[in-house]
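Heads up: the sequence lines are chains Y and P, in that order. Reminder that position 185 of the first sequence reads as 184 in numbering that gives the first Met the number 0, one-by-one numbering, no gaps. Reminder that position 105 of the second sequence reads as 104 in numbering that gives the first Met the number 0, one-by-one numbering, no gaps.
By construction, these hints were calculated from the structure, which means they are not laboratory data. There may be inaccurate statements among the hints.
[To be verified] Now the in silico label distances, taken between C-beta atoms and shown as ranges:
{"hint": "1", "chain 1": "P", "residue 1": "Asp85", "chain 2": "Y", "residue 2": "Gly40", "range": "52 to 60 Å"}
{"hint": "2", "chain 1": "Y", "residue 1": "Thr16", "chain 2": "P", "residue 2": "Arg227", "range": "12 to 20 Å"}
{"hint": "3", "chain 1": "Y", "residue 1": "Gly86", "chain 2": "P", "residue 2": "Arg227", "range": "32 to 40 Å"}
[To be verified] Here are a few chain Y residues that sit away from chain P, every Cβ distance over 12 Å (derived from the structure):
{"hint": "4", "residue": "Lys27"}
{"hint": "5", "residue": "Arg69"}
{"hint": "6", "residue": "Asn282"}
Backbone N, C-alpha and C fix where the C-beta goes; we use that ideal spot for every residue, glycine too.
2 protein chains.
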Amino acid sequence: MTPAQDRLHFVALDVTTDDRDELVALLKAWTDAAARMTEGGSAGPVGAVDGPGNAPPDDTGEALDLPPSRLTITFGFGPGLFVDADGNDRFGIAARRPAALEQLPRFSADVLEPARSDGDICIQACADDPQVAVHAIRNLVRIGFGTTAVRWSQLGFGRTSTTSTSQTTPRNLFGFKDGTANIKAEETEALEQHVWVGAEDDPRAAWLTGGSYLVTRRINMTIEVWDRQSLESQEQFVGRTKGTGAPLSGGEEMSEPDFEMKGSSGPIIPVDSHVRVVHPHTNGGVRILRRGYNFVDGSNDVGGLDAGLFFIAYLRDPRTHFIPLQRAMSKSDALMEYLRFTGQALFAVPPGVGKGEYVGQALFDA
Amino acid sequence: MTPAQDRLHFVALDVTTDDRDELVALLKAWTDAAARMTEGGSAGPVGAVDGPGNAPPDDTGEALDLPPSRLTITFGFGPGLFVDADGNDRFGIAARRPAALEQLPRFSADVLEPARSDGDICIQACADDPQVAVHAIRNLVRIGFGTTAVRWSQLGFGRTSTTSTSQTTPRNLFGFKDGTANIKAEETEALEQHVWVGAEDDPRAAWLTGGSYLVTRRINMTIEVWDRQSLESQEQFVGRTKGTGAPLSGGEEMSEPDFEMKGSSGPIIPVDSHVRVVHPHTNGGVRILRRGYNFVDGSNDVGGLDAGLFFIAYLRDPRTHFIPLQRAMSKSDALMEYLRFTGQALFAVPPGVGKGEYVGQALFDA
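The task is simple: from the sequences and hints, build the whole structure.
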């Protein structure tokens with residue numbers, strides 16, 4: 000795992016074919032194109048400019064002069080790939096659907112838009128240059144034409160989590176450091192325990208061993224309202240200081256919060272503060288790997304910005320590592336007043352592809 | 000003028016007050032905040048973290064730890080600021096409205112969305128880091144709360160024009176180099192002739208001398224259809240090769256196109272190719288200063304990406320330097336088949352602010 004790049008293009012696709020061979024052929028073509036592009040190459044053997052003139056190029060060309068920009072490409076499979084809305088086993092893989100890979104529940108206060116939620120397959124491209132991330136997604140979508148169609152897509156900037164001990168903690172659009180307690184790439188043991196799916200986790204889904212679950216939540220922030228709250232209130236909502244990111248109980252950013260410390264009225268870190276509600280201490284020790292991004296998608300219909308946080312988390316099991324956490328947050332978190340959840344999706348991310356393999360091979364072959 | 004930065008946040012605002020003093024007070028506050036932020040400071044004297052706890056901070060905080068990132072902020076005034084839709088002189092400045100500052104005509108094939116068009120005031124923030132550009136716009140919008148409201152806003156990445164002789168030409172989402180013939184920052188004489196408003200240009204608008212007009216066009220590209228065209232066709236539409244960007248008449252990127260050179264059937268650079276239709280030779284020598292950006296705004300309703308080019312041009316007079324060019328393009332350009340114009344706006348951009356002045360001072364005082 001590498002420190003997270005700063006730009007994101009995420010797409011969720013619906014599979015429009017019912018032909019298993021066609022889907023497998025696409026996964027093979029994607030694997031090939033992804034490998035080329037992450038090395039800085041074009042999406043296909045015949046690039047944008049060196050092909051026969053009378054055929055469409057294998058690459059769209061907008062990243063021709065750009066460096067690889069640390070591009071990474073991640074694929075995930077949604078519940079609908081295994082069993083469609085009518086209960087059909089579309090591609091003969093229903094028996095291998097992991098028990099945890101079900102459509103997530105709707106949480107209280109969710110205002111999810113179907114056009115920003117779910118999907119049969121997801122592709123996440125991260126890079127230091129948005130043009131490189133966009134180029135990757137655009138070409139993979141192009142290659143999928145006729146087999147998949149875009150369901151929704153999301154751009155992001157300014158990763159919102161520390162993902163490596165070598166990175167400083169970035170800030171979300173509330174202006175606060177975000178992801179201080181995130182699992183870092185160097186925490187091998189925590190990754191094993193909380194992020195990677197273990198060999199015994201699910202007998203139906205051996206293909207997912209070493210992979211992970213990916214949860215997305217599109218979190219609109221009512222930033223115009225937030226911006227009119229006092230500094231003190233903002234810090235009470237979050238449970239940390241805005242400047243250094245230290246818990247209100249004192250110390251520095253990385254200091255452990257002291258939830259017992261008394262203030263003038265009740266604990267100095269309020270019981271409904273974000274840091275307390277989602278802290279591992281409050282949630283049976285559960286930790287997640289966050290790789291979220293800020294977004295601004297133009298304006299909303301009340302004279303403000305359509306902005307917020309595109310939450311992305313990798314975790315070992317959504318039933319233990321996400322649903323309880325989100326329920327607690329929806330129920331008790333003081334920040335909820337400033338959040339609107341407008342999209343949500345869950346995918347199973349197979350482990351890295353070995354030499355000569357294609358993405359998801361262990362799921363389809365066997 | 001500096002080489003263009005790589006990230007854009009552009010906002011168009013409606014003025015919601017009819018009180019001239021309130022508007023002038025806002026312009027003063029904006030001038031102050033813009034000056035602070037372009038120097039890497041916070042938006043107000045009391046930043047996000049050093050204010051009294053019981054008041055909202057003067058800065059939202061998300062750029063706290065980030066460098067200035069070459070942030071520039073540009074303000075412009077739309078026709079509606081001078082005369083509203085009912086013909087009222089809202090702020091006593093109707094007599095100073097430049098004759099050229101009228102709502103642009105609708106061009107054939109335009110599918111403009113009112114929610115992505117026009118506006119009383121625009122603010123353009125460019126920076127090397129999108130979080131810095133977003134922070135600037137967000138804080139200026141916040142300062143304007145109660146006096147202005149967001150009408151539309153647009154993020155962009157990957158500037159699409161060479162803006163300095165020290166930059167290589169970037170590519171648009173058609174995969175072609177874009178803006179090869181753009182006026183460069185070093186071409187002082189061309190800037191005088193084609194971009195900056197001259198002292199004698201408009202007796203009503205002395206305040207605009209040394210300023211410019213800013214045209215925006217949100218150009219959706221039907222990239223999925225484009226991607227299925229042969230390399231040859233793509234190059235015929237553009238009139239340049241995809242690889243080097245050289246005109247089809249030969250040479251290198253910067254070589255002058257030879258529109259007379261014969262091919263096997265007609266000129267080798269097709270008469271309806273983009274390069275020919277918009278070339279200064281074809282348009283009475285008119286040149287513009289382009290500072291456009293690529294955009295991807297999620298997905299559209301036909302299973303593709305909502306993507307394209309956010310065209311921004313600075314020019315001396317829209318009546319001579321934009322409207323005829325756009326008419327020619329709408330009528331004859333082969334590229335039109337792959338373009339949908341979904342937004343449009345025109346603003347007058349006053350010249351740079353002198354020490355102790357506020358943005359637009361020459362328009363309001365006098």
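Hint-by-hint comparison with the structure:
P:Asp85 and Y:Gly40 have their C-beta atoms about 58 Å apart, which keeps the hinted 52 to 60 Å range intact. Taken as a hint, the range 12 to 20 Å holds for the pair Y:Thr16 and P:Arg227, whose Cβ atoms sit roughly 18 Å apart. The hinted window of 32 to 40 Å between Y:Gly86 and P:Arg227 holds, with their beta carbons roughly 35 Å apart. In this structure Y:Lys27 is separated from chain P by more than 12 Å, as the shortest Cβ-Cβ distance comes to about 20 Å.
No Cβ of chain P comes within 12 Å of the Cβ of Y:Arg69; the nearest lies about 16 Å off, and the non-interface call holds. Every beta carbon of chain P lies more than 12 Å from that of Y:Asn282, the smallest distance being close to 27 Å; the non-interface claim holds.
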